[in-house]
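Residue numbers (this note's numbering), protein chains in the order written: chain A, 1 to 212; chain B, 1001 to 1467.
I should point out that these hints are in silico values taken from the structure, not numbers from a laboratory.
Mixed in with the good hints, there may be bad ones.
Said to hold, decoys possible - Computed list of lysine-lysine pairs in DSSO-like fashion (alpha-carbon distance at most 30 angstroms, straight line):
{"#": "1", "chain 1": "B", "residue 1": "K1270", "chain 2": "B", "residue 2": "K1168"}
{"#": "2", "chain 1": "A", "residue 1": "K212", "chain 2": "B", "residue 2": "K1441"}
{"#": "3", "chain 1": "A", "residue 1": "K168", "chain 2": "A", "residue 2": "K101"}
{"#": "4", "chain 1": "A", "residue 1": "K123", "chain 2": "A", "residue 2": "K168"}
{"#": "5", "chain 1": "A", "residue 1": "K17", "chain 2": "A", "residue 2": "K201"}
{"#": "6", "chain 1": "B", "residue 1": "K1084", "chain 2": "A", "residue 2": "K101"}
{"#": "7", "chain 1": "A", "residue 1": "K2", "chain 2": "A", "residue 2": "K35"}
{"#": "8", "chain 1": "B", "residue 1": "K1018", "chain 2": "A", "residue 2": "K168"}
{"#": "9", "chain 1": "B", "residue 1": "K1018", "chain 2": "A", "residue 2": "K17"}
{"#": "10", "chain 1": "B", "residue 1": "K1166", "chain 2": "A", "residue 2": "K175"}
{"#": "11", "chain 1": "B", "residue 1": "K1441", "chain 2": "A", "residue 2": "K73"}
{"#": "12", "chain 1": "B", "residue 1": "K1317", "chain 2": "A", "residue 2": "K133"}
{"#": "13", "chain 1": "B", "residue 1": "K1096", "chain 2": "B", "residue 2": "K1073"}
{"#": "14", "chain 1": "A", "residue 1": "K212", "chain 2": "B", "residue 2": "K1386"}
{"#": "15", "chain 1": "A", "residue 1": "K35", "chain 2": "B", "residue 2": "K1261"}
{"#": "16", "chain 1": "B", "residue 1": "K1270", "chain 2": "A", "residue 2": "K201"}
{"#": "17", "chain 1": "B", "residue 1": "K1270", "chain 2": "B", "residue 2": "K1250"}
{"#": "18", "chain 1": "A", "residue 1": "K66", "chain 2": "B", "residue 2": "K1018"}
{"#": "19", "chain 1": "B", "residue 1": "K1073", "chain 2": "A", "residue 2": "K35"}
{"#": "20", "chain 1": "B", "residue 1": "K1073", "chain 2": "A", "residue 2": "K206"}
{"#": "21", "chain 1": "A", "residue 1": "K191", "chain 2": "A", "residue 2": "K168"}
{"#": "22", "chain 1": "B", "residue 1": "K1367", "chain 2": "B", "residue 2": "K1261"}
{"#": "23", "chain 1": "A", "residue 1": "K212", "chain 2": "B", "residue 2": "K1096"}
{"#": "24", "chain 1": "A", "residue 1": "K123", "chain 2": "A", "residue 2": "K177"}
{"#": "25", "chain 1": "A", "residue 1": "K36", "chain 2": "B", "residue 2": "K1334"}
{"#": "26", "chain 1": "B", "residue 1": "K1049", "chain 2": "A", "residue 2": "K191"}
{"#": "27", "chain 1": "B", "residue 1": "K1018", "chain 2": "A", "residue 2": "K191"}
{"#": "28", "chain 1": "A", "residue 1": "K123", "chain 2": "A", "residue 2": "K206"}
{"#": "29", "chain 1": "A", "residue 1": "K138", "chain 2": "A", "residue 2": "K101"}
{"#": "30", "chain 1": "A", "residue 1": "K123", "chain 2": "B", "residue 2": "K1018"}
{"#": "31", "chain 1": "B", "residue 1": "K1330", "chain 2": "B", "residue 2": "K1270"}
{"#": "32", "chain 1": "B", "residue 1": "K1049", "chain 2": "B", "residue 2": "K1009"}
Here's the letter readout for the chains.
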Amino acid sequence: MKQISNEFSGTFICLDKSNVDTDQIIPKQFLKSIKKTGFGDNLFDGWRYLDEGSIDQETSSRRVNKDFIFNNKLFTDSNILVSGENFGCGSSREHAVWALKDFGIKTVISESFADIFYNNCFKNGLLALCLKKSEISKIFENFNENSAQSIEIDLINQVLYYGDSEFKFELDDYKKKCLLEGLDEIGASLKFTDQIKSFEKNYQIKNPWLFK
Amino acid sequence: MSSKTLYDKLWDAHHVAKRDDGSSLIYIDRHLIHEVTSPQAFDGLRERKIEPWRVDSIIATPDHNVPTENRAKGSKGISDSTSKLQVLTLEENVKKYDLNFFSLGDERQGIVHVIGPEQGLTLPGMTVVCGDSHTSTHGAFGALAMGIGTSEVEHVLATQCLIAYKQKNMRINIEGDLLERVSAKDVTMFIIGQIGTAGGTGFNIEYAGSTIENLSMEGRMTLCNMSIEAGARSGMVAPDQTTFDYIKGKPFAPSGDQFDKALDTWISLKSDPGAVFDNEFSFSSEQILPQVTWGTSPEMVSSIDEKVPEPRDFKNKENYEDALNYMGLKPGTKLTDISLDQIFIGSCTNSRIEDLRIAAEILKGNKLAKNIKRALVVPGSGLVKKQAEEEGLHEIFINAGFSWRDAGCSMCLGMNPDQLNQEERCASTSNRNFEGRQGYKGRTHLVSPAMAAAAAIEGRFIDVREI
Ligand code: SF4
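So that you can see chain A by itself, here it is in the shape it has in the complex (with noise of 0.2 angstroms):
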């Protein structure tokens, strides 16, 4: 039975672009917050505005580069984003993530993920999506910039449907049992405090010299 997730669902903004590092996600100057939250004005900066901007500044104020999608008025309540291969390459900031997430994105859709953005998604709630080249190649070429689309996913049984399409797509249980259920990772590996603390012991016997 389809069971459409309406947290990861609804329309769509496509960013046909391969290797989106975080720098363009969110730039450097940004970074200089202490908080996790605040960033969404300032995701793809770079290119969604003809300034140059600063952490402290009202965006609203800024030259603002119409011909880039997330300007547009139509998208701008998007939550699903779709983009090229590697995405979110080069730096670990999890700023890029928290950017994302402050926009409104909740399912980042790609061929595939550099490694340590990918982890930081899942650990903020947001659900990167591997698909196929093909089946990412076909939602670039019907993408219309003047017509918001919607995009369903069914989590549980790990579908994605597009127009007249569903895709299959891969994901771990318990990647997927965090999205459901925002299971606390800290916690979960505190129930192996007892096993950390023998590992421990046994290692600084054989190790000593890593210990002060």
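Model the placement of chain B with the ligand on the given structure of chain A, informed by the hints.
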């Protein structure tokens, strides 16, 4: 017993527990911390009301945001208020949890990936993490070193473990002597050009072969540093006599009996004969000429005797066109015809003493070309700076027209005041040529220290072997 790779051995030695989902808890020996990716992690710890698991595994230093001039006042002298807050926040956390710390005024302060090895905080067989993707650098010692995100920083602080999935094994073999003035930087850029920026995704890369064995520790660090640009979270070189000689006598390294005991363990850290790799590449050192990037991804790279490629030679046309537009370059332009505005020698890739020596050797008795508006040398640590000054290298740089700075990340990412102006073109020894990386609309070409020095003299790219 079946044959294991070096990575398999490190993985097994740190494996604490298997989790239900197939991932593992991996014990972490060394946790490096800097000001940008740690504040939210410490906040998380406080929300949970827990303390760091093992304080002696942690070392902290500010590097990303710090100014490279006027450092007498330490963190209080930082003029940008947001940068200052971040550095002060690190100082507060350090104080609260009583962490090992190299403050802005300490000569041991520097880029995290430079100070770890320099202090003997990075050792063979360790697992090393840092909230920074270039943590792969420490793999040069035969350590399993991984860049992590802020949630993972918090997780390691809380549990001393990282949740990880075992990666596949890749080996890259390079045999033969490198051509004159070709360095580890050219080797890593060449590799990325061959396998692409996603070539190593999902793999740990082990670098092997006589070319690698002949590299100094500095060279191996440069090589492992850019594994992440090839998509691999970790890259490594098996430790050998070069490694052990480097470590001996370092402040935090074991000494006396402890050193000998450690050595017994370290010697076994290599891939067994017959160990199976999931993917393997082999190159010959003679294929590798000085490299220059011309685009906005490290894989957009060519040898110095080549031209900016035609679109038909490149796999992704849109990306290629965007990149050339951004870089203000035309296909068919000879790399040696590209003239420059700025020179940057620094970053965790190339700011160690050997890098500065090579650049100084080329610059000696020469001056910056007239068209070079600014040239910076930013040593990787206070101690690298001190060593360079003892050797008189700073005078060579200053006489050539370079600005001689204090340690930090500087114009590698320009979170501090060292930045490119719009459309300025820079020969940089750093690791990322992404749009805006070194300054808004700035244009970055990645090169080796030798090539950056040569470009400083000529004002354009030139094959350093012709200087
Ligand atoms: S020098 Fe550059 S790449 Fe290295 S840690 Fe600093 S910012 Fe990151």
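Satisfaction of hint between K1441 (chain B) and K212 (chain A), Cα-Cα up to 30 angstroms:
Answer violated: K212 (chain A) to K1441 (chain B) is near 47 angstroms, above 30 angstroms.
Pairwise hint evaluation, K168 (chain A) against K191 (chain A), where the allowed Cα distance is 30 angstroms at most:
violated (34 angstroms)
Hey, K1270 (chain B) versus K201 (chain A), does the alpha-carbon distance stay inside 30 angstroms?
Roughly 25 angstroms between the alpha carbons, so the hint for K1270 (chain B) and K201 (chain A) holds.
Need the status of pair K1330 (chain B), K1270 (chain B): alpha-carbon distance at most 30 angstroms?
Given that 30 angstroms is the threshold and the Cα spacing comes to 46 angstroms, the pair is violated.
What's the verdict on K1084 (chain B) and K101 (chain A), does the C-alpha distance respect the 30 angstroms limit or exceed it?
holds (27 angstroms)
Is the straight-line distance between the alpha-carbon of K123 (chain A) and that of K1018 (chain B) 30 angstroms or less?
At roughly 19 angstroms apart (the allowed maximum being 30 angstroms), K1018 (chain B) and K123 (chain A) satisfy the hint.
Does the structure keep K1270 (chain B) and K1250 (chain B) at a Cα separation of 30 angstroms or less?
holds (23 angstroms)
Keeping to a limit of 30 angstroms between CA atoms, is the pair of K1270 (chain B) and K1168 (chain B) held or broken?
Answer holds: K1270 (chain B) to K1168 (chain B) is near 16 angstroms, not above 30 angstroms.
Mind checking the alpha carbons of K1018 (chain B) and K17 (chain A) for me, to see if they're no more than 30 angstroms apart?
Outside the cut-off at roughly 37 angstroms; violated.
What's the verdict on K35 (chain A) and K1261 (chain B), does the C-alpha distance respect the 30 angstroms limit or exceed it?
Outside the cut-off at roughly 44 angstroms; violated.
Mind checking the alpha carbons of K168 (chain A) and K101 (chain A) for me, to see if they're no more than 30 angstroms apart?
Distance ~24 angstroms between K168 (chain A) and K101 (chain A) Cα, so the pair holds.
Is the Cα-Cα distance between K123 (chain A) and K168 (chain A) 30 angstroms or less?
holds (23 angstroms)
The structure fails hints 2, 5, 7, 9, 15, 18, 20, 21, 22, 25, 28, 31 and 32 (numbered hints given earlier, in ascending order).
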